[in-house]
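Trainee: So the chains spell out like this:
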Amino acid sequence: MAKLPLTEQQLIEAYGPHLNEAPPGGWDAGLEIDRVVNTHCCFCGQQCGIKLKVRDNAVVGFEPWYEFPFNEGKLCPKGVKRYLQGSHPDRLLHPMERDPAAPGGFRQVSWDHALDRVVGEIRRIQQTYGDDAFAMLSGVSLTNEKSYLVGKFARLGLHTANLDYNGRYCMVSAGAGSKKALGVDRSPNPWSDIPLADVVWIAGSNVAETFPITTSYIWRARDRGAKLIVQDPRVVPLARTADLFLGVRPGTDSALFGAVLHTLIRRDWLDHEFVDAHTLDFDDAVAAVADMTPRWAADITGVPAARIEQAAEWWGSSATGMLLHARGIEQHTKGVDNVLAAINLGLATGKFGKPGCGVSTITGQGNGQGGREHGHKCDQLPGNRDISNPEHRAHVASVWGCDESEIPGKGIPAQEIIEAIHAGKIKGLLSICFNPLVSSPDSNFTAAALDRLEFYSVIEFFLSETAQHADVVLPGSLHEEDEGTATSGEGRIIKINAAVEPPGEAHLDWQILLDIAERLGKGKYFPYKNTQEIFEELRLASAGGTADYLGATWDRIENEMGLFWPIPEIGHPGTPRLFEGGRFFHPDGKARFHGVPFKESAEVVDDEYPVWLTTGRVVSQYLSGTQTRRIAGLVAQYPEPLCEMHPQLAERIGVTDGDIVTVTSRRGDITLPARVVNTIRPDTVFIPYHWPGAKAANQLTNRAVDPISKMPEFKVAAVRIARSPGHVETTDRRDLELHEGPS
Amino acid sequence: MRYGIDDSPVFVIDQSRCIGCEACVQACMECGTHRGQSLIHLERIDQATTTQTAPMVCMHCEDPTCAQVCPADAIKQTEDGIVQSALKPRCIGCSNCVLACPFGVPKYIADFDQMMKCDMCTDRTSEGYAPMCASVCPSEALWYGTIEKFNETRSGSLLRDFMFGRQEVRTKVYTVVDELGAGALDVFAPTRSHWLDDPFGLEQEALDG
Chain A
1 MAKLPLTEQQ LIEAYGPHLN EAPPGGWDAG LEIDRVVNTH CCFCGQQCGI KLKVRDNAVV
61 GFEPWYEFPF NEGKLCPKGV KRYLQGSHPD RLLHPMERDP AAPGGFRQVS WDHALDRVVG
121 EIRRIQQTYG DDAFAMLSGV SLTNEKSYLV GKFARLGLHT ANLDYNGRYC MVSAGAGSKK
181 ALGVDRSPNP WSDIPLADVV WIAGSNVAET FPITTSYIWR ARDRGAKLIV QDPRVVPLAR
241 TADLFLGVRP GTDSALFGAV LHTLIRRDWL DHEFVDAHTL DFDDAVAAVA DMTPRWAADI
301 TGVPAARIEQ AAEWWGSSAT GMLLHARGIE QHTKGVDNVL AAINLGLATG KFGKPGCGVS
361 TITGQGNGQG GREHGHKCDQ LPGNRDISNP EHRAHVASVW GCDESEIPGK GIPAQEIIEA
421 IHAGKIKGLL SICFNPLVSS PDSNFTAAAL DRLEFYSVIE FFLSETAQHA DVVLPGSLHE
481 EDEGTATSGE GRIIKINAAV EPPGEAHLDW QILLDIAERL GKGKYFPYKN TQEIFEELRL
541 ASAGGTADYL GATWDRIENE MGLFWPIPEI GHPGTPRLFE GGRFFHPDGK ARFHGVPFKE
601 SAEVVDDEYP VWLTTGRVVS QYLSGTQTRR IAGLVAQYPE PLCEMHPQLA ERIGVTDGDI
661 VTVTSRRGDI TLPARVVNTI RPDTVFIPYH WPGAKAANQL TNRAVDPISK MPEFKVAAVR
721 IARSPGHVET TDRRDLELHE GPS
Chain B
1001 MRYGIDDSPV FVIDQSRCIG CEACVQACME CGTHRGQSLI HLERIDQATT TQTAPMVCMH
1061 CEDPTCAQVC PADAIKQTED GIVQSALKPR CIGCSNCVLA CPFGVPKYIA DFDQMMKCDM
1121 CTDRTSEGYA PMCASVCPSE ALWYGTIEKF NETRSGSLLR DFMFGRQEVR TKVYTVVDEL
1181 GAGALDVFAP TRSHWLDDPF GLEQEALDG
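Those sequence lines, one after another, are chains A and B. Just so we're aligned, residue 1 is where the first sequence starts under my numbering, counting upward by one. Just so we're aligned, residue 1001 is where the second sequence starts under my numbering, counting upward by one.
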C-alpha cells in the first residue's frame, strides 16, 4: 500500500523541501565553536576534504581544509553550503507510519513498533510470494562500511537476490567497459596525472558544473602547454576556452571515437610496440572502423571532419594524454560501447600505465567507486567479486561464516526492479539513500510502480519524493553523523569522520539494519559494535579480489590522507596509478580492444518528435536534490529547471528567452521556461533533472537500457516542443534572492 | 597553506578561468566579518551567447577613487593598502562611491544603510590565510599566493595598471593577461579565427571542411 497518504502539495507542506537559509541561531551564532572536524564533502565522487565547525552538537559552518591534497581547500558551492543540511527543519526525527488521517499523512510510532511492522511485512511477503519478492534498493552516498553491510544484509538478512543501487544510473557503463577492456573497474589514474598530460580530452562531462575541482587540474596541464579538447552537445563552461570543441549530436560519441581511431590507423599515429606487447584483438577494432572516415562521422555527429582529424592528430602525436569521460557518453543504450571505443584510443596510442596517460571515467557519486566495489550491486560480492563465480562465493561465505548456498545468486538491476514492481512480481521494498522517483527514467512509470507495492519501508533523513510513498519511515543518519570510509573517483580511500550525533530519535543507518537483521533471526551474522568492525571484516572479504583493501587501516587512511587500492598486504603503499609497465588486470596481463560498430540510440527523432533531448545537472544541485533542494543559497542559484535551446530552434517555435514551453516525449511532458542560448546545438534541448513531479525532466526520458550495463538512456530521447502561455525572467535571479542580507 | 609576513602573498583574478559556479559568492557569505552577506560580485557577461562569467572582488586601488569622492570621509585604507567598507557611523549612504568606482565594486546595502564591499577577508589574511573566495575557487580563477609561485606555475602575465580615460589606476589586486609586452590591443584588427565563432559548424565550416 505504497500510495501517497495525502496530496503531493500537503506532503511538501509537512515535510518539505523547506529552505534552510542560515546555521542554527542565525548567521552570527556560528562564530563561536566547540571544535573542528576534518572530514569530506557528502556530495560527488571528488570527495573534497572539508573542515566542519561544530557547536552544541550542531554543524554551524565550514573551513577550507588546505592540507588535504586532492582539493587543497577548494570547494564548489555545494561543498560550501553542505553544512546547512544539518539542523534542518525537514529532518526526520521519529519513526513514522503511513496514516492518511494523521496531520501530514504519517503518525509517529515507536522504534519497536516500526521495526516489528517492517519485519512482519518482510516475512509475510516472502512467505507468500517467495524470498525474491522483497527487494532492496541502496545508494552510493553511503560509506564503504554501510555499502558492504547493505550487501551482506540483503543476502543474509533478507535473503533476497534482488538488491541493486543508484549507481546503476551513474557509473555502471564505465565499470562494465573498463572490466571488459582492462580487467578492472577503477580509474587508471590518480588525478595528479592530469597536469602531466600533453592533451586533455573531456568527453561527455560538464566538468565545470559537476566536478568543479577537476578544472584546476586541467588548467595545471594547460599552464604547461597542454591542448584541451571538449566533446559535448553544449559549449559547457570549461569548453569556452578549449583549443578544440567537438559539438557532437547526442548519441553519436562512438561514431566520433571510431573516426578518430580510423584516422590514427590511417596516419599511423599508433604505438605498435605497446599494442603488440600488451593488448589483444586489435584487429577487431581495426575492422570495425575500416569505413568510419571523418567525413562519414561528420554527417552522423555534426562535427566538422577537420575537427575530428585535428583531435586525432593531437591525441595520436602527443607523448602523453588523458581522456576523461562521464555520464555524457555513459548514460546510453550503447554506454558500454562508447566507453570501449574511448579505451580503444588509449590502447592504440599506448596511453596507459604511464605518468600523464590514461582513459578514465570521472565517477559521479560520492562513494560511487567504493560503494560499487563492496556488494550492493546485484551481481557483485565484496572486493569487486562476481556473485556467480563459485570460488568468489566460497571466499565471501568463509568470511561471512555462512554456507555458500545461503548467499542468493545474481539479482536484477535497479531499473528492472522497478519494472518488476510495476509488473507485480516484486511486492515489498526496503530502500536507503535512493530517490528513484526523481532519478529513474520515465517518472510516471516509476510512480505507478511504487503505488503497486504491498509494502514499502525507507531509511532516510529527509522525506524524499520516493519516501513519501513509504508505509514505514525509519529516520536514519546524515553523512556528518557517522564515521567510515569512502573511495573517491581516483580510487583513493578516504576517512569520513562524525561531527555530531543523530538528532531526536534518528538512528545510525547501520544500527537500523542490525536491528532488522536481529528481528529476522539473523543477528549472528551482524555482531558489529561499531563501523570500524565492519571495515575490518570488509578488508578480509575484499582480500584477493581486484578491489583489495586488505592493507588499508583506518589509521593509515587518515594519517596518509587517503590510500589508493589495491593494497593487497599490510604495509603495502597502495597503487595510485594502475597498469604500470603495461600490465593489465586480465589473468594474462593484456588489455582487450573491442570492435565497436556504430548504432543509433533506442529512440531517434522523427516528424512527430523532431528534437533531441539530453538531460544532466547544474552546479548548484546534486542528483535527485533531496539534500540540495533544501538549502536556500543553492536553490537561489538555479531555482527551477529551464529548457535550454538554440536561437534557431527558439525562432522556429516562436519563443524568446523566458517564454514558457511544453516539451513532450512518448512518455510524458513538462512545461517550463525556455533559456535561449547559442551554446547548445540547434537540434538539441537540455533540461536538468534534479526536480520531482511536474518539474521532473525524467517524465520525458526513455526506460531503454544498455544490454550489458543495464544503464538507462538518460542522454537521448526524441521530443517535440511547443509554446505555452506565460513568460518569466530567467536571467540571474541570484541578485534578488541571495543578496537580501541577514534575516 | 599559511603565509608568513615576508611571503607578501597577492590576490590574482584570471577571468578566463571562471566557470560561473558561484562557490566564491557562497563562500564570501561565510566570512566571519560579514556572515550572511556576500560581497563578491559574479557577473554574467551575456548569457545568451557565452558562458563567460566574471568574478569581481575589490581591486584595492593604491589611491582609491571611492575614498576620494566620499563626502563623509568614511572610506579608509589600512596600512597594508586594504580599502575597507565605509565606516558605519560616518557613511551617509549617498552612493558617490558606488557611481565613481571604475571597477563597479562598492554597493550600497539598504538593510545596513551602508556601503559594503570586499575587504579581502582581513580576518583571514591577517592570520596568514587566503581569503574565502580564493580558498574555495575550484578553477583557481581567484588565486592567492606569492608572485614567485604564480610565475613558476601559471601561464599569463600579471597586470595591475589601468587607464580609465585619463585616470591612471594602480591596484593591489592583479589581473591576468596573455602578454604584458604585446602592446595596445587593436580593436579594429581582424579577429583570429576560432571554433568559438561557430561552435557547431553551422556557418563557416562545412562538415567536410
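Since the hints were derived computationally from the structure, they do not count as laboratory data. Don't be surprised by glycine CBs; every beta carbon is placed ideally from N, CA and C. Heads up, some of the hints might be wrong.
[Claimed, not checked] So these bits of chain B aren't anywhere near chain A, every CB distance computed over 12 Å: (1) Arg1017; (2) His1034; (3) Glu1062; (4) Asp1063; (5) Gln1077; (6) Pro1089; (7) Ala1134; (8) Arg1154; (9) Gly1156; (10) Val1169.
[Unchecked claim] Calculated cross-link-like contacts (lysine to aspartate or glutamate; reagent style EDC-like; alpha-carbon spacing at most 20 Å): (11) B:Lys1149 to A:Asp112; (12) A:Lys51 to B:Glu1127; (13) A:Lys51 to B:Asp1123; (14) A:Lys522 to A:Asp28; (15) A:Lys524 to A:Glu406; (16) A:Lys179 to A:Asp386; (17) B:Lys1088 to A:Glu72.
[Said to hold, decoys possible] With the C-beta cut set under 10 Å, the calculated list includes, among others, these residues of chain A facing chain B: (18) Leu4; (19) Asp243; (20) Leu520; (21) Lys522.
Trainee: Take the hints in turn and mark each one as holding or not.
Mentor: So, going through the hints one by one against the coordinates:
A beta-carbon of chain A is positioned within 12 Å of the beta-carbon of Arg1017 (chain B); the least distance is around 6 Å. Its closest Cβ contact with chain A, about 9 Å, brings His1034 (chain B) to no more than 12 Å, contrary to its assignment away from the interface. Look at Glu1062 (chain B): its CB is around 28 Å from the nearest CB on chain A, clear of 12 Å, so calling it non-interface holds up. The claim that Asp1063 (chain B) is not at the interface with chain A holds, since no C-beta of that chain comes within 12 Å of its own (minimum 29 Å).
For Gln1077 (chain B), the condition that its CB be more than 12 Å from all CB atoms of chain A holds, with the nearest at approximately 25 Å. The beta carbon of Pro1089 (chain B) is kept farther than 12 Å from every beta carbon of chain A, the shortest such distance being approximately 19 Å. With 12 Å as the threshold on Cβ separation, the claim that Ala1134 (chain B) sits away from chain A is violated: the shortest Cβ distance comes to roughly 9 Å. With a cut of 12 Å on Cβ distances, Arg1154 (chain B) falls inside the contact zone with chain A, its closest approach being about 5 Å.
For Gly1156 (chain B), the non-interface assignment is contradicted: its Cβ lies about 9 Å from the closest Cβ of chain A, within the 12 Å cut-off. No Cβ of chain A comes within 12 Å of the Cβ of Val1169 (chain B); the nearest lies about 26 Å off, and the non-interface call holds. A distance of roughly 61 Å separates the Cα atoms of Lys1149 (chain B) and Asp112 (chain A); the hinted pair therefore is violated under the 20 Å criterion. A hinted pair counts as satisfied when its Cα atoms are at most 20 Å apart, and Lys51 (chain A) with Glu1127 (chain B) qualifies at roughly 17 Å.
A hinted pair counts as satisfied when its Cα atoms are at most 20 Å apart, and Lys51 (chain A) with Asp1123 (chain B) qualifies at roughly 18 Å. Restraint check: the Cα-Cα separation between Lys522 (chain A) and Asp28 (chain A) comes to about 49 Å, which exceeds 20 Å; the hinted pair is violated. About 14 Å separates the Cα atoms of Lys524 (chain A) and Glu406 (chain A), which keeps this hinted pair within 20 Å; it holds. For a cut-off of 20 Å, the pair hint linking Lys179 (chain A) to Asp386 (chain A) stands: about 12 Å separates their Cα positions.
At most 20 Å may separate the alpha-carbon atoms for a hinted pair to count; Lys1088 (chain B) and Glu72 (chain A) exceed this at roughly 36 Å. Against a cut-off of 10 Å between C-beta atoms, the interface hint on Leu4 (chain A) is violated, since the closest Cβ of chain B lies about 34 Å away. Evaluation of the Asp243 (chain A) hint against chain B yields a held restraint, the C-beta minimum of about 9 Å falling below 10 Å. Below 10 Å, beta-carbon pairs count as interface contacts, and Leu520 (chain A) has none with chain B, the closest being about 45 Å; its hint is therefore violated.
Because the smallest distance between the Cβ of Lys522 (chain A) and any Cβ of chain B comes to about 45 Å, over 10 Å, the interface hint for this residue is violated.
Hint check: violations occur at hints 1, 2, 7, 8, 9, 11, 14, 17, 18, 20 and 21; the rest are consistent with the structure.
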